[in-house]
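Listed in order, the protein sequences are those of chains A and B.
Positions 1 to 114 (the numbering used here) are the ones given, in order, by the first sequence.
Positions 1001 to 1115 (the numbering used here) are the ones given, in order, by the second sequence.
FYI, nobody ran anything at the bench for these hints, they're computed from the structure.
A couple of the hints might just be wrong.
Here's a subset of chain A near chain B, in silico, CB distances under 8 Å, partners left out [as the list claims (entries may be wrong)]: (1) Gly16; (2) Gly42; (3) Phe45; (4) Glu48; (5) Asn77; (6) Leu81; (7) Gly84; (8) Ala92; (9) Thr97; (10) Glu107; (11) Leu111.
Which residues of chain B face chain A? A few of them, derived with a C-beta cut under 8 Å, are [what the hints assert, rightly or not]: (12) Leu1046; (13) Leu1103; (14) Gly1108.
Note that beta-carbon positions come from the ideal geometry of N, C-alpha and C, so glycine has one too.
Okay, here's what each chain looks like letter by letter:
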Amino acid sequence: KAGVTQTPRYLIKTRGQQVTLSCSPISGHRSVSWYQQTPGQGLQFLFEYFSETQRNKGNFPGRFSGRQFSNSRSEMNVSTLELGDSALYLCASSLGTGVGNTIYFGEGSWLTVV
Amino acid sequence: AQSVSQHNHHVILSEAASLELGCNYSYGGTVNLFWYVQYPGQHLQLLLKYFSGDPLVKGIKGFEAEFIKSKFSFNLRKPSVQWSDTAEYFCAVNTNTGTASKLTFGTGTRLQVTL
């Protein structure tokens, strides 16, 4: 069974640009969440989607957005990139949203903003 | 809001030494607790989890953790570490008022095992 797949794995963007990251959850998983990992702030929750609806959102500015498609794939978008957005962006999936579910992480997309 | 503290930022052990990594959380209600491991260049993997029941939880690769409610702690242990255990370890929590995906993570403990 394939794990959570994220593309692209590595990318470099310039300040002010926007970026879209993609995530394919484990087959059958309907909940997708996104995290940002940086050396200074650690792992921080961005948002969660289930059935194409955002169910939860972390404390990030509106430049960070996401969406989920009917096949449970998800994308996250960061507009007007800042140097501080350089991070590893992790996608995770779970069968459902109930707290009894375990989430599984992908390998992440490394974003460098220059 | 809940928070998680991992007091050991960097731990260096020799092979066969015993390991205990501390994790404390702050939240007064019911919590679910997790330990994840991130090997160099790999994705976060679940080591073990506690939802309810026996407070001593056994995970993969010989790891275990004990939930002590009175101390708000969920320390990770392994009797004898191996070089391959070199990785970063993250403690995480979510609450029954949240959802499965909204985990609050500690800042991580980098474990280095020397031969």
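Does the structure break any of the earlier hints, and which numbers would those be?
1, 5, 6, 7, 11
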